[in-house]
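Q: For reference, the chains in residue letters:
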Amino acid sequence: MKNTLFGKDILSTRNITKDEASSIFRRADELREIVQTKGSTDILRGKILTALFYEPSSRTYASFISAMQRLGGGIIPLNGMTNTSVAKGETLEDTIHVFDSYGDCIVMRHPEVGTSVKAAVYAKGPVVNAGDGTGEHPTQALLDVYTIRRHFPSLQGTTVTLVGDLLNGRTVHSLIMLLALYTPSRINLVSPNELRMPEEYVAYVQKTGIRVSQTDILNDVVSTTDVLYATRVQKERFSDVKVYERLKHRYVITRDTMKLLKKDTILMHPLPRVGEISPDIDGDPRALYLREQVPNGMYVRMAVLSLILKK
Amino acid sequence: MKNTLFGKDILSTRNITKDEASSIFRRADELREIVQTKGSTDILRGKILTALFYEPSSRTYASFISAMQRLGGGIIPLNGMTNTSVAKGETLEDTIHVFDSYGDCIVMRHPEVGTSVKAAVYAKGPVVNAGDGTGEHPTQALLDVYTIRRHFPSLQGTTVTLVGDLLNGRTVHSLIMLLALYTPSRINLVSPNELRMPEEYVAYVQKTGIRVSQTDILNDVVSTTDVLYATRVQKERFSDVKVYERLKHRYVITRDTMKLLKKDTILMHPLPRVGEISPDIDGDPRALYLREQVPNGMYVRMAVLSLILKK
Amino acid sequence: MKNTLFGKDILSTRNITKDEASSIFRRADELREIVQTKGSTDILRGKILTALFYEPSSRTYASFISAMQRLGGGIIPLNGMTNTSVAKGETLEDTIHVFDSYGDCIVMRHPEVGTSVKAAVYAKGPVVNAGDGTGEHPTQALLDVYTIRRHFPSLQGTTVTLVGDLLNGRTVHSLIMLLALYTPSRINLVSPNELRMPEEYVAYVQKTGIRVSQTDILNDVVSTTDVLYATRVQKERFSDVKVYERLKHRYVITRDTMKLLKKDTILMHPLPRVGEISPDIDGDPRALYLREQVPNGMYVRMAVLSLILKK
Numbered sequence: 453m454k455n456t457l458f459g460k461d462i463l464s465t466r467n468i469t470k471d472e473a474s475s476i477f478r479r480a481d482e483l484r485e486i487v488q489t490k491g492s493t494d495i496l497r498g499k500i501l502t503a504l505f506y507e508p509s510s511r512t513y514a515s516f517i518s519a520m521q522r523l524g525g526g527i528i529p530l531n532g533m534t535n536t537s538v539a540k541g542e543t544l545e546d547t548i549h550v551f552d553s554y555g556d557c558i559v560m561r562h563p564e565v566g567t568s569v570k571a572a573v574y575a576k577g578p579v580v581n582a583g584d585g586t587g588e589h590p591t592q593a594l595l596d597v598y599t600i601r602r603h604f605p606s607l608q609g610t611t612v613t614l615v616g617d618l619l620n621g622r623t624v625h626s627l628i629m630l631l632a633l634y635t636p637s638r639i640n641l642v643s644p645n646e647l648r649m650p651e652e653y654v655a656y657v658q659k660t661g662i663r664v665s666q667t668d669i670l671n672d673v674v675s676t677t678d679v680l681y682a683t684r685v686q687k688e689r690f691s692d693v694k695v696y697e698r699l700k701h702r703y704v705i706t707r708d709t710m711k712l713l714k715k716d717t718i719l720m721h722p723l724p725r726v727g728e729i730s731p732d733i734d735g736d737p738r739a740l741y742l743r744e745q746v747p748n749g750m751y752v753r754m755a756v757l758s759l760i761l762k763k
Numbered sequence: 453m454k455n456t457l458f459g460k461d462i463l464s465t466r467n468i469t470k471d472e473a474s475s476i477f478r479r480a481d482e483l484r485e486i487v488q489t490k491g492s493t494d495i496l497r498g499k500i501l502t503a504l505f506y507e508p509s510s511r512t513y514a515s516f517i518s519a520m521q522r523l524g525g526g527i528i529p530l531n532g533m534t535n536t537s538v539a540k541g542e543t544l545e546d547t548i549h550v551f552d553s554y555g556d557c558i559v560m561r562h563p564e565v566g567t568s569v570k571a572a573v574y575a576k577g578p579v580v581n582a583g584d585g586t587g588e589h590p591t592q593a594l595l596d597v598y599t600i601r602r603h604f605p606s607l608q609g610t611t612v613t614l615v616g617d618l619l620n621g622r623t624v625h626s627l628i629m630l631l632a633l634y635t636p637s638r639i640n641l642v643s644p645n646e647l648r649m650p651e652e653y654v655a656y657v658q659k660t661g662i663r664v665s666q667t668d669i670l671n672d673v674v675s676t677t678d679v680l681y682a683t684r685v686q687k688e689r690f691s692d693v694k695v696y697e698r699l700k701h702r703y704v705i706t707r708d709t710m711k712l713l714k715k716d717t718i719l720m721h722p723l724p725r726v727g728e729i730s731p732d733i734d735g736d737p738r739a740l741y742l743r744e745q746v747p748n749g750m751y752v753r754m755a756v757l758s759l760i761l762k763k
Numbered sequence: 453m454k455n456t457l458f459g460k461d462i463l464s465t466r467n468i469t470k471d472e473a474s475s476i477f478r479r480a481d482e483l484r485e486i487v488q489t490k491g492s493t494d495i496l497r498g499k500i501l502t503a504l505f506y507e508p509s510s511r512t513y514a515s516f517i518s519a520m521q522r523l524g525g526g527i528i529p530l531n532g533m534t535n536t537s538v539a540k541g542e543t544l545e546d547t548i549h550v551f552d553s554y555g556d557c558i559v560m561r562h563p564e565v566g567t568s569v570k571a572a573v574y575a576k577g578p579v580v581n582a583g584d585g586t587g588e589h590p591t592q593a594l595l596d597v598y599t600i601r602r603h604f605p606s607l608q609g610t611t612v613t614l615v616g617d618l619l620n621g622r623t624v625h626s627l628i629m630l631l632a633l634y635t636p637s638r639i640n641l642v643s644p645n646e647l648r649m650p651e652e653y654v655a656y657v658q659k660t661g662i663r664v665s666q667t668d669i670l671n672d673v674v675s676t677t678d679v680l681y682a683t684r685v686q687k688e689r690f691s692d693v694k695v696y697e698r699l700k701h702r703y704v705i706t707r708d709t710m711k712l713l714k715k716d717t718i719l720m721h722p723l724p725r726v727g728e729i730s731p732d733i734d735g736d737p738r739a740l741y742l743r744e745q746v747p748n749g750m751y752v753r754m755a756v757l758s759l760i761l762k763k
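Residue numbers (the working numbering), protein chains in the order written: chain A, 453 to 763; chain B, 453 to 763; chain C, 453 to 763.
I should point out that these hints are in silico values taken from the structure, not numbers from a laboratory. Fair warning: this is a prediction, and the values are worked out from it, not measured in the lab. Warning: the hint list may mix true and false statements.
What the hints assert, rightly or not - Quick partial rundown of chain A residues pointing at chain C, CB under 8 angstroms, derived from the structure:
(1) I500
(2) I528
(3) H549
Unchecked claim - Pairs of lysine-lysine residues, derived as DSBU-like cross-links and limited to a Cα-Cα distance of at most 30 angstroms, are as follows:
(4) K490(A) <-> K570(B)
(5) K454(C) <-> K763(C)
(6) K687(A) <-> K570(B)
(7) K576(A) <-> K490(C)
(8) K490(B) <-> K762(C)
(9) K490(C) <-> K762(A)
(10) K762(C) <-> K570(A)
(11) K687(B) <-> K570(C)
(12) K460(A) <-> K762(C)
(13) K576(A) <-> K454(C)
(14) K490(B) <-> K763(C)
(15) K715(A) <-> K576(B)
(16) K490(C) <-> K490(B)
(17) K454(A) <-> K490(C)
We treat Cβ as the ideally placed atom computed from N, Cα and C, and that holds for glycine.
Between the sequences and the hints, there should be enough to build the whole structure, so can you do that?
A: Here you go:
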């Protein structure tokens with residue numbers, strides 16, 4: 453089968469086909485096996501990844517950096533690109549030309565929506581969006597759906613609930629569009645009124661025939677949910693800290709919440725969490741954020757890199 | 453012989469046995485040979501080290517980063533982890549779960565005492581304490597004792613003098629406990645009254661039968677010393693800068709001091725130094741801080757990493 | 453032929469012979485071929501490069517980091533060495549001893565002129581000056597001349613024009629001395645009076661018989677120029693921001709300028725640019741800054757590293 457991901461930018465889940473997602477997930481399965489037995493492989497020997505993080509990051513940065521080296525490739529580590537050429541007033545276009553030349557692909561995090569899309573226009577090599585402000589974070593969505601499908605190989609007939617800051621949370625923007633490929637029966641969107649999912653994403657999903665409900669009361673929907681996906685209210689997105697304080701712990705998943713969930717429901721979170729999920733349920737077998745999402749992040753990113761960089 | 457260090461955390465010298473120290477030193481000898489002839493080896497191919505430095509560092513950071521690559525492994529370089537997930541309010545437990553998942557071991561520096569111990573509880577992979585505030589710095593002590601033993605294969609009958617800030621200096625805390633395994637006859641502790649070695653460490657050593665003397669006058673003990681170990685008074689540990697200014701150059705090793713030392717006495721310092729040792733004695737054959745401690749740091753850290761990561 | 457660059461410091465173009473420059477350029481040609489077919493080689497397996505950047509950098513930093521890994525070596529990445537040992541008050545000599553010990557060569561950027569020269573005195577391994585304040589930047593000059601010679605294999609009979617901040621621009625200081633080896637007929641120096649090329653460099657070049665003209669009017673010389681090399685007026689070098697604002701866009705290369713240039717003239721810039729060259733001429737075949745200088749930077753740095761580190 454032809455690898456249609458070769459050379460492709462990963463900017464939004466909107467442009468990932470179901471076949472491509474499947475090939476990423478199959479490759480992730482293979483790479484998990486390789487990492488667990490040998491630690492690394494040589495697939496990307498001779499390739500260099502530029503980790504161009506304008507916003508400092510730990511989790512996503514570390515998983516890409518590790519993934520690239522476990523594939524045999526090298527790294528240009530740039531975590532928190534501030535006082536450099538950019539500060540000297542260089543245009544994004546010039547910056548991208550440079551990194552595009554020194555490395556074979558650019559993984560980019562930036563505080564402004566759409567910057568990776570612009571970067572991809574300038575770069576010959578593939579660009580991976582590792583988070584653009586309140587925009588998207590497609591590899592997070594890929595690891596999320598990968599994690600979900602290891603529990604629900606078919607999503608048909610299931611109910612997925614996204615809860616938290618659905619306005620600013622880039623992971624849920626990417627996730628809802630990727631979920632659309634797998635047509636669960638229903639998606640519940642639970643958020644304060646101020647933090648509702650942007651209409652464009654809702655419309656995108658509804659077009660596929662998935663039923664979408666919006667509410668601000670979590671307890672209305674938990675008992676019928678198969679996948680409960682919680683997100684952080686992101687302090688850095690609020691200009692008024694009082695509004696943040698009022699909303700930040702509107703939804704907290706506790707032991708009581710877990711009692712309402714079905715036995716095979718899975719609980720997920722993109723991390724970092726700052727109080728949305730009580731740590732005393734981390735040991736619950738349904739809690740996947742630490743035990744499954746985190747390690748899957750590396751396997752899925754290895755899969756993405758190996759497919760976009762190698763025919 | 454069984455490698456009892458495999459998978460073990462290196463948090464404090466308190467938990468390192470004499471057999472383990474010996475196996476580290478033997479391995480360091482072998483790796484020195486390999487580095488000097490070939491530069492690197494493949495022992496840790498497929499392994500990834502996370503260098504998780506909350507306080508920026510140059511020496512320790514660089515030696516671990518180099519050590520890991522000379523062993524064939526990869527790195528997740530995080531030097532000065534500030535504005536990231538941690539700043540977003542994530543718990544240490546969540547942070548550690550993440551890095552424990554992406555890398556095979558965590559080398560951690562943190563401004564607060566005890567953080568590495570907590571991290572080790574959360575991590576499945578081994579954790580190496582690369583300095584926790586005024587607590588410990590066990591790999592520094594290992595390289596120090598390794599350096600000493602290349603000059604004094606047996607420490608029995610010798611006198612070791614530690615001078616400087618013995619209260620806040622984490623390297624001397626780790627060192628005095630590791631020295632206890634090798635039972636020198638006497639340990640002199642020379643410091644201003646305000647900066648004396650914490651009582652728990654003194655008591656620990658005395659239990660082994662080593663005679664411990666405390667004084668604030670260096671000249672009283674230099675002439676009978678075999679190992680003179682000087683340390684920096686650490687500005688960053690003082691809330692009152694005036695106290696720091698008064699104490700910082702209380703002990704300065706000069707040419708005059710060297711005249712008082714025996715011919716085969718060795719002079720050591722963990723570095724960085726800021727005036728405790730006059731640079732005009734760097735060429736003295738007894739001055740080991742630059743010529744021996746620094747390179748030994750890499751060999752000993754290579755030894756530690758290879759033993760904790762490979763059966 | 454003997455590799456006279458083995459073990460040599462690259463601090464200034466003043467000390468590079470024409471034979472050495474030629475061997476760097478030949479090696480760059482070979483490595484370009486290798487990178488384009490295989491991505492990397494194993495020439496420097498077992499070697500470690502310390503990228504010791506006191507001033508944060510993106511372009512130069514990334515090109516060295518990538519170059520070293522494409523040669524099979526490892527890296528100690530230190531980009532923006534502030535709050536570390538240096539801040540603790542350590543001397544440069546001690547710092548250099550440390551990195552000289554952990555890695556096989558030091559690539560150093562520092563805000564003060566002459567720091568690399570000092571570092572090279574202390575280091576046993578080779579030191580590469582990657583920019584010392586307003587001093588020099590020899591690998592930039594090497595990549596510039598490499599780029600020029602791919603268009604003008606012999607520079608005899610040609611006219612080279614350097615325009616912009618010739619006082620503070622370290623790249624033009626290194627470049628003019630390296631150009632002297634290839635004896636173009638004439639070098640035009642175009643700058644505001646306040647930003648003229650320091651007299652020592654002018655004298656250096658004149659001694660070789662090259663005719664040097666100084667002017668503050670670019671249009672006087674463009675039509676007879678074969679190589680037009682533009683530079684940024686560097687804001688960070690001005691104490692009075694008003695002077696900077698007055699001078700920064702004194703020379704801007706636009707479509708109109710391009711009309712005045714000969715058909716086979718080449719236009720170069722060390723980057724980053726902040727308005728000196730209008731982006732709408734990037735597609736002009738004579739504009740080499742993005743298309744040729746940037747990628748050549750990596751090949752030439754690979755060549756330099758491979759020659760200084762391997763017999």
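Q: Going straight from one Cα to the other, do K687(B) and K570(C) come out at no more than 30 angstroms?
A: 27 angstroms, holds
Q: Just to be careful, I want the Cα atoms of K687(A) and K570(B) compared with a cutoff of 30 angstroms; is the pair within it?
A: 27 angstroms, holds
Q: Assess, step by step, whether the Cα of K715(A) is no farther than 30 angstroms from the Cα of K576(B), and give holds or violated.
A: With a Cα-Cα distance of about 28 angstroms, the restraint between K715(A) and K576(B) holds, given a limit of 30 angstroms.
Q: Is K762(C) within 30 angstroms of K570(A), Cα to Cα?
A: The given pair, whose Cα atoms are some 41 angstroms apart, is violated under the 30 angstroms limit.
Q: For a C-alpha distance cap of 30 angstroms, please report whether K490(A) and K570(B) respect it.
A: 29 angstroms, holds
Q: Next item in the hint list is I528(A). Is there a CB on chain C closer than 8 angstroms to its CB?
A: 5 angstroms, holds
Q: Are the Cα atoms of K454(A) and K490(C) separated by 30 angstroms or less?
A: 22 angstroms, holds
Q: Take a quick look at whether K454(C) and K763(C) sit within 30 angstroms of each other, Cα to Cα.
A: 8 angstroms, holds
Q: Taking only the CA atoms, is the gap from K576(A) to K490(C) under or equal to 30 angstroms?
A: 18 angstroms, holds
Q: So if I understand the rule, the pair passes when the alpha-carbon distance is 30 angstroms or less; does K490(C) with K762(A) pass?
A: Satisfied, since the Cα-Cα distance of roughly 12 angstroms is no more than 30 angstroms.
Q: Against chain C, with CB atoms and a cut of 8 angstroms, does the hint on I500(A) hold up?
A: 5 angstroms, holds
Q: Measure nothing beyond the straight line between the CA atoms of K490(B) and K763(C); if it is 30 angstroms or shorter, mark the hint as holding.
A: 14 angstroms, holds
Checked against the numbered hints given earlier, the structure breaks hints 10, 12 and 13 and satisfies all the rest.
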